[in-house]
Amino acid sequence: MTDIILILVGAILVNNFVLTQFLGLCPFMGVSGKVETAVGMSAATLFVLTLASAFSYLVFQYLLVPLGLEYLKTISFIVVIAAVVSMTEIIMHKTSPLLYRILGIFLPLITSNCAVLGVALLNINQSHSFAQSVFYGFGAALGFSLVLILFSALREKLALCDIPEPFQGAAIAMITAGLMSLAFMGFSGMV
Amino acid sequence: MPLSLPMLTSLLTPVLALLGLGLAIGAVLGFVAKKFRLESDPVVTRINDLLPQTQCGQCGYPGCKPYAEAIAAGDVINKCPPGGESTISQLADLLNIPALPLDESYGQPGVKKVAFIREAECIGCAKCIPACPVDAILGAPKYMHTVIESECTGCDLCIEPCPVDCIDLMPLEPYTTPIKTVEELNNEEILACINCALCVDECPVDILPHELYWACRGNDLAGAETLKLMHCIECGKCDRVCPSSIPLVEYYQAAMQSLNTQQTEKVQAGNAKQRFELHQQRMETLKIEEEQRRQKRAELAKKGPQSQTKDTILAALERVKSKKKPN
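So the sequences go chain by chain: X and Y.
With this note's numbering as the guide, the letters of the first sequence map in order to residues 1 to 191.
With this note's numbering as the guide, the letters of the second sequence map in order to residues 1001 to 1327.
Don't take every hint at face value.
Stated by the list, open to error - With a cut-off of at most 25 angstroms between alpha-carbon atoms, the simulated SDA-like pairs for lysine to any residue come out as follows:
(1) Y/K1034 / X/K157
(2) X/K157 / Y/G1074
(3) Y/K1113 / Y/I1123
(4) Y/K1113 / Y/E1277
(5) Y/K1228 / X/V79
(6) X/K34 / Y/P1101
(7) Y/K1127 / Y/L1157
(8) X/K157 / Y/C1193
(9) X/K157 / Y/V1043
(10) X/K34 / Y/G1074
(11) X/K94 / Y/N1048
(12) X/K73 / Y/P1042
(13) Y/K1034 / X/L51
(14) X/K157 / Y/E1151
(15) X/K34 / Y/Q1280
(16) X/K34 / Y/E1277
(17) Y/K1035 / X/K157
(18) Y/K1035 / X/T111
(19) X/K34 / Y/M1230
(20) Y/K1035 / X/M87
(21) Y/K1266 / Y/K1323
(22) X/K157 / Y/G1218
(23) Y/K1065 / Y/Q1262
(24) Y/K1035 / X/F47
(25) Y/K1035 / X/H93
(26) Y/K1266 / X/L98
(27) X/K34 / Y/A1092
(28) Y/K1035 / X/K34
(29) X/K94 / Y/R1046
(30) X/K73 / Y/G1020
(31) Y/K1113 / Y/L1278
(32) Y/K1065 / X/T95
(33) X/K157 / Y/T1226
(34) X/K157 / Y/F1031
(35) Y/K1323 / Y/A1301
(36) Y/K1034 / X/K34
(37) X/K34 / Y/L1095
What the hints assert, rightly or not - Residues from chain X that face chain Y, not an exhaustive set, calculated with beta carbons under 8 angstroms:
(38) T37
(39) V39
(40) Q61
Honestly, the hints are just simulated from the structure, not real lab data.
We treat Cβ as the ideally placed atom computed from N, Cα and C, and that holds for glycine.
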């Protein structure tokens, strides 16, 4: 139990995937314009990341290891992740079409979100068990969601602020992200 | 180097393993795709609800629904002159894309108009009645027609079919109030809000005046509504404590007014949509009825004129007989 809590805290705060390990920066900048979209993207990533880490663990342990094909792990994980993303896309198109339209290209891009592949590969590297892998993926997604939603809330406020012209748009967003990253560095050494 | 058997097996295992993985995943995806198949596009309905439902066709599509379908398929959102800037900003908000200025090659936004029939000149030809997409013209052949003002969307589709040019489009006097708009207030020299929250303690109805001010200033009406804009009783207590002397209540009034206009427009658009659907149904049944009449006439004509006269003579004899019977 304690190791799972430690994994969760570690993935959410200490080794936050976006702000400390700098993975998954594309959606972090791309879909953080509005809190609503950020929440939708977070939900999609949460779903994909948890499922993908579970499935990649199963594929690795029960398909690749018995056949002695460990060297194929990257390519098979990519296939698994792509399948989970396609499934999410189909289900979301039916259940929440507006979110589907708003997320647009960013939804298929979860496939190439390096955080997802990163979690799957790190699970193998750190020889996590099945439950540990799932919670590591879940924690990573929670950390991603936390940071994405916080950042989008900041950007909503920034949209109304009187920002000097050269800093408007992406520039101030980058500065904000840098400051947030600095703040998250403060968690290092906690676990 | 010739291929040996152990080499072949070591090559086959990974290929087969990946093939199996791919097939399994493909089967699962196929099942999910079948289970969650889409019947109709709900995005179109949401877009259609935001369009003004004038059915004027100025966008180049035959009505609001076809334009909504085109937008869902990727057309630009600035082709609707009757909707103007407010419709464009609502669409941009819904679809999460930047708002564009209205493309004026499709028409001027202008003021809302209604059709007016100069009744002394109307000859009662009834040509304008089927042309009206929302059935807002009242009249019958050889009788004077008139327009139901509250139902007219000002689409100008009745102007063209009128043979005596007795229909005018009259501008509706815009409803004016002394309340300043958000744009006017934003242009005034106002000190910045410093988020001191003095106003929060003052507010008697427990809203967050400074948060509400940000929403109103950014013209975020939906946000203002969730921040309980409509709970404001305009007491002005927040105005008096504000160290930057921001005219908070004026902002709230402006936002309330635009929210109100937006809501009335929505109700009107809903009515117009309903009337348009009924109009289309009516046109459809009229068409079918006419087709049936035409078929009947054609059948009679096929039988030949003689059989027809014979029939009528027989019918007349029958009538006479039946009349005589009671005596």
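Outcome of the hint check:
| no. | hint | result |
| --- | --- | --- |
| 1 | Y/K1034 / X/K157 | 42 angstroms, violated |
| 2 | X/K157 / Y/G1074 | 30 angstroms, violated |
| 3 | Y/K1113 / Y/I1123 | 23 angstroms, holds |
| 4 | Y/K1113 / Y/E1277 | 22 angstroms, holds |
| 5 | Y/K1228 / X/V79 | 48 angstroms, violated |
| 6 | X/K34 / Y/P1101 | 22 angstroms, holds |
| 7 | Y/K1127 / Y/L1157 | 11 angstroms, holds |
| 8 | X/K157 / Y/C1193 | 13 angstroms, holds |
| 9 | X/K157 / Y/V1043 | 28 angstroms, violated |
| 10 | X/K34 / Y/G1074 | 21 angstroms, holds |
| 11 | X/K94 / Y/N1048 | 19 angstroms, holds |
| 12 | X/K73 / Y/P1042 | 40 angstroms, violated |
| 13 | Y/K1034 / X/L51 | 21 angstroms, holds |
| 14 | X/K157 / Y/E1151 | 42 angstroms, violated |
| 15 | X/K34 / Y/Q1280 | 40 angstroms, violated |
| 16 | X/K34 / Y/E1277 | 36 angstroms, violated |
| 17 | Y/K1035 / X/K157 | 41 angstroms, violated |
| 18 | Y/K1035 / X/T111 | 22 angstroms, holds |
| 19 | X/K34 / Y/M1230 | 24 angstroms, holds |
| 20 | Y/K1035 / X/M87 | 11 angstroms, holds |
| 21 | Y/K1266 / Y/K1323 | 62 angstroms, violated |
| 22 | X/K157 / Y/G1218 | 10 angstroms, holds |
| 23 | Y/K1065 / Y/Q1262 | 20 angstroms, holds |
| 24 | Y/K1035 / X/F47 | 19 angstroms, holds |
| 25 | Y/K1035 / X/H93 | 12 angstroms, holds |
| 26 | Y/K1266 / X/L98 | 20 angstroms, holds |
| 27 | X/K34 / Y/A1092 | 13 angstroms, holds |
| 28 | Y/K1035 / X/K34 | 31 angstroms, violated |
| 29 | X/K94 / Y/R1046 | 15 angstroms, holds |
| 30 | X/K73 / Y/G1020 | 15 angstroms, holds |
| 31 | Y/K1113 / Y/L1278 | 23 angstroms, holds |
| 32 | Y/K1065 / X/T95 | 22 angstroms, holds |
| 33 | X/K157 / Y/T1226 | 16 angstroms, holds |
| 34 | X/K157 / Y/F1031 | 44 angstroms, violated |
| 35 | Y/K1323 / Y/A1301 | 30 angstroms, violated |
| 36 | Y/K1034 / X/K34 | 33 angstroms, violated |
| 37 | X/K34 / Y/L1095 | 12 angstroms, holds |
| 38 | T37 | 6 angstroms, holds |
| 39 | V39 | 13 angstroms, violated |
| 40 | Q61 | 14 angstroms, violated |
Taken one by one, the earlier hints fail for this structure at numbers 1, 2, 5, 9, 12, 14, 15, 16, 17, 21, 28, 34, 35, 36, 39, 40, listed in ascending order.
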